Amino acid sequence: MSSNTLIEAKNLTKEYIRGRKEVVVAVNDVDLEIPRGKLIMVTGPSGSGKSTLLNVLSGLDKPTEGKIIFSDEDISGWEEERLSKFRQENIGFIFQNWELIRTLTALENIESPLYPLKIKSKEIRTRAISLLKQVGLWDKVDNYPDELSGGEQQRIGIARALVGKPKIIFADEPTGNLDVDNAGSVMRLLKSFTKRDTAILVVSHNEELKKYSDKAFRMSNGRFI
Amino acid sequence: MGQLKLLTKSIVFSTRSRRRFFTFVAVFAILSGATIILINYFDGFSRQELLDQRGIVLKASAFGTPSPLSLFEAESNSPVGIGINDGQTLAGASKVIFYKYVDFGSTLRIFSMNPSYPWAFSDLKPSNLAKGHFPYSTHQVLVSEDITMTLADAEGGNQIYTKPGLGTLFTLGTAITDPFELKISGIFKKPAVAEADSREWIFLTEKAFTTLIDESHLDFTENEIYIHSITVIAGGDVFLGGTYTEVDRLAAELRPLSQGGSANFNEPLFTPKSEKNELRNMMFLSLIFGLFGTFVVSTLYSYLITRFRRREVAVLKAMGYSKWSVRIVVLSEILVVAITGFAFGLLGIQAFLYLTRSSAYVFNIVFSSTALLSFLAVVLSSVPGFILITTRILGVRPIEIFRQK
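Keeping their order, the protein sequence lines are chains B and Y. Each residue of the first sequence is one higher than the one before, counting from 1 in this note's numbering. Each residue of the second sequence is one higher than the one before, counting from 226 in this note's numbering.
These are calculated hints, taken from the structure and not from any lab test. No experiment lies behind these values; they were computed from the predicted model shown. Not one of these hints is a red herring.
A few chain B residues that face chain Y, going by a derived Cβ cut-off under 8 Å, partial list only: (1) N55; (2) L60; (3) D61; (4) E81; (5) S84; (6) K85; (7) Q88; (8) F93; (9) I101; (10) L104; (11) P113; (12) Y115; (13) P116; (14) L117; (15) K118; (16) S121.
For the chain B half of the interface with chain Y, some residues (derived, Cβ under 8 Å), not all of them: (17) R87; (18) E99; (19) T103.
The following residues of chain B were derived to be distant from chain Y, with all beta-carbon distances above 12 Å: (20) R20; (21) P35; (22) S149.
Even for Gly, the Cβ is constructed at its ideal location relative to N, Cα and C.
Excised from the complex, chain Y in its bound form (with noise of 0.2 Å):
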């Protein structure tokens, strides 16, 4: 009971002296910045490069009919009640071709189409994300790999048979009538990508989109992700207001392809193995640096709040504060400082994000596992400074430091 008073009251005592603690604020606001953004990367790149090396196979175990869905039957799969009545036909159903339903179960759902009707998750929704309004813009999620797919041509009945290379972006011009297996291989960095480009997106479920793109999951296993949706060829305004017209053009395009044309696939997107170990090297020195940073500077702090502090401690002891109940009188005052100045940094990364979105989703990093992980970086690069001062301070006597007038 004591020694917890003891922290309480020190806590509230230790902000003070204003100047004192707003300026180790700002400055281990500023490091802890660094160092969430530092991890931040780090972890990033650490799930990118795991997802790279495992890939997650995802089989289709059963497949809704080969022929293209209705209007109807994609609406009735979607997540969200979109008030399509049993047997009802939509206009304009027989123009809807660029979309496969496959069935996974429960896990898959098939997206609307029609910009008429609400989509399960706005920020989702392809518009958004041809735009390059994802939450991570740069990155796109691929299949690739050993895919043999049967491809159709609903209208002409052509079929194009191909088999991307890894890490490629393929076009996917038409219904899928065979079974096939998808691999993702990964996050990719992905510049920009110009409205008219066409290219094929994969949707997660919310819940494994948030693990891939939010949190650290260097530990997941492949049962944590389903594929939500295909949309077949997303690109320019196809779900917006000229989506059939855009299918149709983007129809006659591929159409070639079922004549004996190669498909034109995009440049691979992976980064060689060499660079990427060169960056992957680089941000974990950038990273030491940054905890070392910290903790170059919470031993700083230690040192000048036992400094400020002596005579303080001196008295203590005197009054018969055991060491360790000192030590609790030190430690609150840095640590009050070190959270303080770690919420401030990462309130400010937040503000940034927002101000910087380019969508209506922000990355919420406070709850993020980076934070969580900057949070125990900066605390664990704390305590060694600390507990080297305040071992050197307690091993003062009181008597010593009085003597000093």
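The following block holds chain B by itself, in its conformation from the complex (with noise of 0.2 Å):
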């Protein structure tokens, strides 16, 4: 593990049964590094696995083989609220629907992973105006997600992913639901948060999008090819 890795799955594995008993193996033995300030693509098909190898690298779910070292340590068998907590210090979120929550305004969904931490309010309002701004939706900000496009509630959830300062970003299929120049649009603007040595691991079906990564791993029956 170089220095500058981030987290690294080691011999990683998941299986899960579908059904009364067909085991299914998601992720096959897949080593993975994720260095410091990149942006790491996973392609592949519906079913290679990528969402799975994502869901399990952040934390969201169990491997069933292998170790996932992050600073040093192996997050692969902490309990559930232990890793609620690592979570919250040390990952962001964009999923593919966006998630926002319907009932609360485009700032105030960048502000709530913030809400039940020890910060101030006043703090929290000052990051999540300055992401707002980042992202190109100053305008929008007492706006709620059904007011706003597609593309719109994609940058809220870029923003939402930043607002706590985590070292990585877990992406799964962030532009699945966006037109071309939109999912262009957040790429580019995933990619410029790399700067702040932010880690990024996007995992997407659209091999078009190689071009914004810094490396790319195909994936297929859980494996990289």
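Make one complex out of these two single chains by using the hints.
Structure representation (structure tokens):
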């Protein structure tokens, strides 16, 4: 593990049961290093195991075998509450469907990850406003998600992922519901945040997006090919 | 600090889903209202039963003159200054024969019997009571049980000895000459009394009255209750325009009693014990059903909230919200709905009481023990459902919810 590696997967395997008996190996003995300040991309067709890999790496799901090393600690066996705290402190998420909270404004959605933390409201507001400006949606500050376009919602999602100053962002099909222009725009925006030393892992079925990454892997049947 | 901030934010955000919010507020308001009413009835019934069982003995320790009071004597003991100078006598004082000055120390006062003078508490003046305009118009405080009195007709000097039975209404027609014991046996429901009916009232201090009527006082002691005054006969217009005429008429009616007749006491007002138990059981069951209804609705609401907010909960957990933090988010919505619904229910009942009032006095249910008790009941009955449902939703891992596209 090089000193610049933020998170490393070793012999990572994830199996789950489909139906009653069928064992599906979604991720099969995968090794992966994600360095700081880089945008890593994993592409592949649906069912290739890329989203499962992301979920396991981020602590949302537990691996069947293998290790996930983060800051010299293996997080693969951690309990749920410890993983929650870990995610809160180190990880930002970007979802395919944006998953914004419909009853919160754009600004409040960005602020929401920080509400349970011991950070002053003023500081939270300052951070959120700054990010809202960076994603170019300052004029949508009081808009609710339903009043925003898909591209705008994803930008809010990106700002929300960044507000906690995470070390790494996991983006699951961040452009999956966007048109080509918006997809490019979102990827450029993501790429721009790597300059802050934030690592970004993007999984997507869209091979075209590889051009925005520092390194790309293709996955099929749970393995890198 | 973080959790408090989360709670306040969540409370604000929980009202944003207007349709969901107001629908459940309305449901909670109706249920809370029903619970308040049931608890109020149950509370009142328990209070009545308690008084009935225990009784409160108040002994007269010192008496004033056995002769009829002059109006001056009466007024000088009135709790309000009425501008009578020392030594002054009032016209018609000799006619004032129908009240007795009983000195219970500083706790007992005599009311004004002159319509020109103000009453200490306007809501308690007999003219209101006589018309059934009592806060609880169907209640009447009785003096009863083993009261041995020597009654003297001040004008004719005739003696009437009587011993009313427990729970009877009786009419006292003249001044009392000897010490006696008073026993308050309870607050009894009584149908509306016709204006011409004679009756006896015991007035309590405002504090004691409030304690008795408004507040739950399951643990009160006799020291907390004082007789404020006794007006010997109240009824019809005795205390209004035709005071002395009416007094004379009543005196004439009572006079035959002194000539060997028996007192014509009204029917006992006690509810038979079997009926009372039945009523109590019925009310208790109603209360249980009310609480069960609140429990069912709050559980249903918890379920619906967690269902509506399932993906939101998954996102929050993915972002690193602890179980406790997620619980705060869900709890705040349930709390806001329950409290708002309860407030509307309470205000609705208060508005109903105001609109259907029969006197200037309106029972303030908002600040009553009934409201507090009902609130606790509503909140407590909501807790099991909340815990049940949130535990279930919190057990679900975000990844499982995200997989459900």
